[in-house]
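Chains R and W supply the protein sequences, listed in that same order.
For the first sequence, the working numbering assigns the number -5 to the initial residue and increments by one for each residue that follows.
For the second sequence, the working numbering assigns the number 2 to the initial residue and increments by one for each residue that follows.
The set of hints was computed from the structure by calculation and includes no laboratory data.
Please note that a few of the clues may not be correct.
[What the hints assert, rightly or not] If the Cβ cut is set under 10 Å, some of the chain R residues that face chain W in the computed set are:
#1 M35
#2 M225
#3 G234
#4 R243
[Unchecked claim] Each pair of labels, with its calculated beta carbon distance range:
#5 R:G175 <-> W:P173: 53 to 61 Å
#6 R:S212 <-> W:P173: 50 to 58 Å
#7 R:G189 <-> W:F214: 50 to 58 Å
Backbone N, C-alpha and C define an ideal beta-carbon position, used for all residues, glycine too.
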Amino acid sequence: MIARRDMRVRLAARRELSPTCFLLELVTEARFEAQPGQFGMLACRPGRDPFLRRPYSLAAVAARDDGTACELLVKEVGTGSRALREAAVGGELQLLAPLGRGFDLAAPKGGRAALVAGGIGLPPLLFAAERLAAAGRPFDLFLGAATAAELLLVERCQRAVAAVGGELVLATDDGSRGERGVITEPLARRVAAGGAYTTVLACGPTPMLAALTRLAQSSRLDLQLSLEEPMACGVGVCLGCVVERADGRRVPTCQEGPVFRANELAERWWECPST
Amino acid sequence: MPVDLSVAVGGLRLANPVLTASGTFGYGLDLLDLCPPEAVGGVVTKGLSPLPRAGNPPPRIVETAAGMINAIGLQNVGVDAFCRDSLPQLRQRRVVVVVNVFGETMDAYEQVIRRCEAEEGIAAYELNVSCPNVSAGGMEFGHDPQQLQRLTARCREATDKPIWVKLSPNAPDLLATARAAVAGGADALSLINTIRAVAIDAERRRPVLPRVFGGLSGPAIKPIALRMVLEVHRALPEVPLVGIGGIETGRDAVEFLLAGASAVQVGTATFRDPSAPLRIIRELEAFCAAQGLGAVGELVGGLVWP
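Could you put together the complete structure from these sequences and hints?
Following this line, the structure appears as structure tokens:
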């Protein structure tokens, strides 16, 4: 396991990607490594508003001469993300990272991986795509969003895919770019056509992940899901972010996840039942 | 001059007065790298029941102004798994372990204690009679003085170790429950647990938590917790108290000691800053040094009444 640290980070840059989404580049003197799928708990502003840190999946982590740079993708949805929109570039924030269990990238041995990202679920797949590209491992990237404007960092995704001769498949709900409809459809067609993929890595809205889970259950794909749950601590002690495993145990997403193999989880994990 | 941080509380001598609160530090071994359990005054475990409990379905937490509401529902591994999987390492690290005990019946409380009595390395028990998030047990004992006295007396018979009773801020008569716990044989009182609270989603016109109610914690409750510690201390000045409620800094801890607590527990602060207990110990020491105090114990009950 890579050692986690609670680090002072400098907000080096903020880049607008869409009306609601932006990319943060954070720089720290600390040296740390991370695996795609791991996340950090970011204190979005000093003080008590917001009160809790926010979990953000790491979109990139790279060593620099003077420390480490990392990237986060943020969608403005509430107090924390609004604070990040307003945070001064050059100012400092506090980041506890890397946390949790990332994707098992060794899995697609000899086979081909499909990376599936829905909306703001892109960061762990972008991180995985650039790592796979750097390692010369083949993959295709499926990118879905509500509208063309919400397809994020498409050119960068295209570069990663092109580096290993893969395909970038796009879909939007309104058909403004790529195929009209949900991104799981083109993936399902390729899977149905036979033998396209051994491994699927995915992050996105719950209905997308539920659809992929059903697909994997009927086609024996090695499906790895990056889940998002509200969490207070990110380190396994508040028990706020539980998901139900196949054996019925409720486990903290932050600690045993956020990446789970679909077959580790309850068959219908997205409907955690009451006791 | 070095400050003596040690305190005596409810039958225990602690190296410093800062413990981690139940339900905010797992079983003491989750944050070895960020907050080693042997460095704090003591670790109060997640509430343990005779059998494992799955807890409530999510969502379980909501952020509020300067705090949060939780409805975890006492998810825990059960006392056997704790004794088997966590206690040996806690013992090896010489951690002061306070086992937080929960049951749906009086028998269940006693069962947890009797199971723990078979083990070395447990310093004391804290009875959880104040959890607002379960349908049976917990709060019903904490709200009825007669039942609380009986429960405490039952547990008292099961062990010679110190028993702390964690009081509910939601009880109709706080002082009556405090007296009942002492009459039943409690060595100390911990206060307060979370305050029953609600969060509402205005757009959906629904409660945010599926169980509607949860427990509020964090700095938002600190003034209420201080008031309750002060009231109990003034009514029962001989009874050792462990102050809990929104402590985030050494100065917060000092305020609880002045109000009459002999030690404090840090809870929700650990979610925001996993090293918070260590920082609070340092800040407490610095406060004492700046005040020219030789021992942190000099602060206990030191409030100047106007």
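Now the hints, each set against the structure:
Given hint, M35 of chain R at the interface with chain W, holds; its Cβ is 9 Å from that chain's nearest Cβ, closer than 10 Å. Nearest Cβ of chain W to the Cβ of M225 of chain R: about 8 Å, under the 10 Å cut. The hint holds. Among the interface hints, the one on G234 of chain R holds; its C-beta lies about 4 Å from the nearest C-beta in chain W, closer than the 10 Å criterion. At its closest, the beta carbon of R243 of chain R sits 8 Å from a beta carbon of chain W; the interface hint therefore holds under the 10 Å criterion.
A hinted range of 53 to 61 Å holds for the C-beta pair G175 of chain R and P173 of chain W, which are about 58 Å apart. As the Cβ distance of S212 of chain R to P173 of chain W is approximately 56 Å, the hint placing it in 50 to 58 Å holds. Between G189 of chain R and F214 of chain W the Cβ separation comes to about 52 Å, which falls inside the hinted range of 50 to 58 Å.
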